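Peer 1: Sequence:
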Amino acid sequence: MGRAEAGVFERAPWTDALEKYAAVTHLTVQLYDTDARLICGPVHPTALFELFTPGRHDLGIFAACIRRCQAQTAMPRAVVVEDHYGLAVVGTALTLGSEIVGAAVAGYALTAFLDQHALQRLARNSGRSFEAVWAGGRKERHTPRERLIQYGELLRTLADTLLAENVRTRREQQTSARLAEALQIAEAARATAEAATALVRRVQTLTDVALDLSLDDLLREMLTRVQRTLDTDTAVILLRTLGEETLRVRAALGLDEEMEAHLRIPIGRGFADRIATERRPLIWEREDDDEVESPYIRQQGVQSLAGVPLQVEGRVIGVLQVGSVRPRHFLRDEVELLRLAGDRIALGILRAAAHDATEQARATAEVANRAKDAFLGTVSHELRTPLSPILLWARMLRQGTLDEETRRRALETIERSAKSQAQIIEDLLDVSRIIAGKMRIEVRPVHLARVIEAAVEVVRPAAEAKGVRLQTVLDTEVGAVSGDPDRLQQVVWNLLSNAIKFTPKGGGVQVVLERVNSHVEIAVSDTGEGISPAFLPHVFERFQQANSSPSRLHSGLGLGLAIVRHIVELHGGSVRAGSPEEGRGAVVTVTLPLMLARTAGETERRHPTASVPANGPQYPALDGVRVLVVDDEPDSNEVVGTLLSSCGAEVRVAASAALAREELTRWTADLLVSDVGMPGEDGYAFIATLRAQEGKSAQVPALALTAYASREDRIRLLSAGFQAHLAKPIDPAELVTVVATLARSLARSSQPP
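In terms of the numbering used here, the sequence shown opens at residue 1 and continues consecutively.
It is worth saying that the hints were derived from the structure and are not from the lab.
These numbers come from a predicted model, not from an experiment.
Among the hints, erroneous ones may be present.
What the hints assert, rightly or not - List time: in silico DSS-like cross-link candidates among lysine-lysine, alpha-carbon distance up to 27 Å:
hint : residue 1 : residue 2
1    : 505       : 419
2    : 728       : 419
3    : 466       : 501
4    : 419       : 466
5    : 466       : 505
6    : 501       : 419
Work out the full structure, taking the sequences as your base and the hints as a guide.
Peer 2: Right under this line is the structure:
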């Protein structure tokens, strides 16, 4: 059941039609909405209606008829309701489409002869005297029920006709109103378009200004055209001064030269400041003199002003204003023209700033390109330098003409050169991680004295070989810091390596560890050549070297101190460098925050570097362990296979994942050692396929050897199905130790419980 739309029950047409209906039927008619509220009526109150309305019959019979009419779900029909006294009403539901929107009810009618007993009860229920009910009831004629139904059908037909007519009329009125509104909108749009066209013609002289002018020429040309178009006596552009709370004249017409050169308007005063502060166009006339205090107005005799803000990317950078020495009221279109000119001027300023930024970026890029070329040249040199002795010694060893002592020196040189190349590659990878924001640290409590001692032991052979004294002054009671011990050892190692590199024979390098308030300081000083004042501000920048020419005395990529700074900052610390003067050494100081507190049960891990015995490495035995080595590089297969075989393992090799699977069908391996970056099917796909198979080979432990050495790579490899992971270049002792560990774990798991 819905509600009637506005206008379908207009009283005038309904009252007129229902009057005619009542005259024919001799019944009183009333209209109700869906909430049984009276809309129209009573129309043509009859004597019988007036007789019983004050009583409960109106609320009883009429209300019952309304409810029954509105409860109909099928095609509405006439409804007759009568009480046992012979009093009756007839009604019909009012519908729009399929929704009932109200009801029309007519009454009262007498459907039976009223005897004395019925008249007495009617009188008692209605509150009337018996004589009044007798007189009224006796005068009314009787209406058969069948005729009441006919009256109801007539009422329904009449109501349907009126509803349809009312709806049609209302919709016609709405259509007419919409059409009139559309015509008004079209007329307003036409007027706006004509006004815009006229304004565009006036602005055209401004938009013709060439964009290739310099900023000063552009501003003056724009001012000239603004002044000419608006016919003003003055035109001024004031720009906000960087670092100062003032507006300064940048270009002006109509001002004397001295005022143009010296006019400053402090923020908080003046007409221009109001425009900048409120970010909207403003108009000022002489009668508003109390609002504005300005030497510009007083000395030039200006009577009227109009101004707009100059905005760039939502930021006010200045003000454009024009003035007249005659009283003048600036029109809205003139202010709009001034606003458009202001937008054009702001665009010119933005363009000039972009041009300056482009030139600066170009200059910076040229410097960066030169630095890149120099860096690539340095990388090439640093990689080729250790590669040359490796290749030369390898060829001489193949000839077999070297004596035992020379062979020993050759192998030492090859190993040293390979480590040098590995360090260069590791530095490049660290810088790549830094640039990508992927360098991570694993934080735990760290005692720096142990970290420093481990780093000193690593660089001691290099210092002794060069004749440089190493001295440590370590306060072992400074307390712990929160950090990554491996990365902190890398920091100290880098600083020590740099100091030894730049210290001549007979010089000294000192490491001092001490507590300063709530921080710990590590100071690495040397007696070397020092750092020039010009290079000192750039010493921690990537790819920077004091001398990157081919004639430089010292090798290196210029990455070590940049890596140091980044690692230290990841730990919440800072690093600084100082040098008294060239030739008198340098000192680099690392500052790290102390841990605030220690938690119960906290343990510390010591991370010393591995040392190699003088008589050579001692590898774990791999007797009887069957190992399948998978690598697409024949050299890698050969050297890994030879190493494991020398420790007692039974080794077979495969040059691809497919050949490895084929080998596993013929031979049972205890352990799999696989490369990851293989063409076709890589290590990830190989291990996934292997683990998905059935049988013993699906459970074989696997060790991944890869050049992908990040923490994310390690997690991905272990998740794929490998049990362990080693990053290239591989230390032989570490490889044999991991293989032995995996073999022991396999042996334990295969023992019966």
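Peer 1: With the threshold set at 27 Å, check whether the alpha-carbon distance from residue 505 to residue 419 stays at or below it.
Peer 2: With a Cα-Cα distance of about 23 Å, the restraint between residue 505 and residue 419 holds, given a limit of 27 Å.
Peer 1: Residue 419 and residue 466 were given as a pair; does the straight-line alpha-carbon distance stay at or below 27 Å?
Peer 2: Distance of about 18 Å is within 27 Å: holds.
Peer 1: Compare the distance between the alpha carbons of residue 466 and residue 501 with 27 Å, and conclude whether the hinted pair is satisfied.
Peer 2: holds, 9 Å
Peer 1: Given the hint that residue 728 pairs with residue 419, test it: the Cα-Cα distance must not exceed 27 Å.
Peer 2: holds, 11 Å
Peer 1: Checking one constraint from the list: CA of residue 466 to CA of residue 505, max 27 Å. Satisfied?
Peer 2: Answer holds: residue 466 to residue 505 is near 6 Å, not above 27 Å.
Peer 1: Holds or violated: residue 501 and residue 419, Cα atoms, limit 27 Å.
Peer 2: holds, 16 Å
The earlier numbered hints are all upheld by this structure, with none contradicted.
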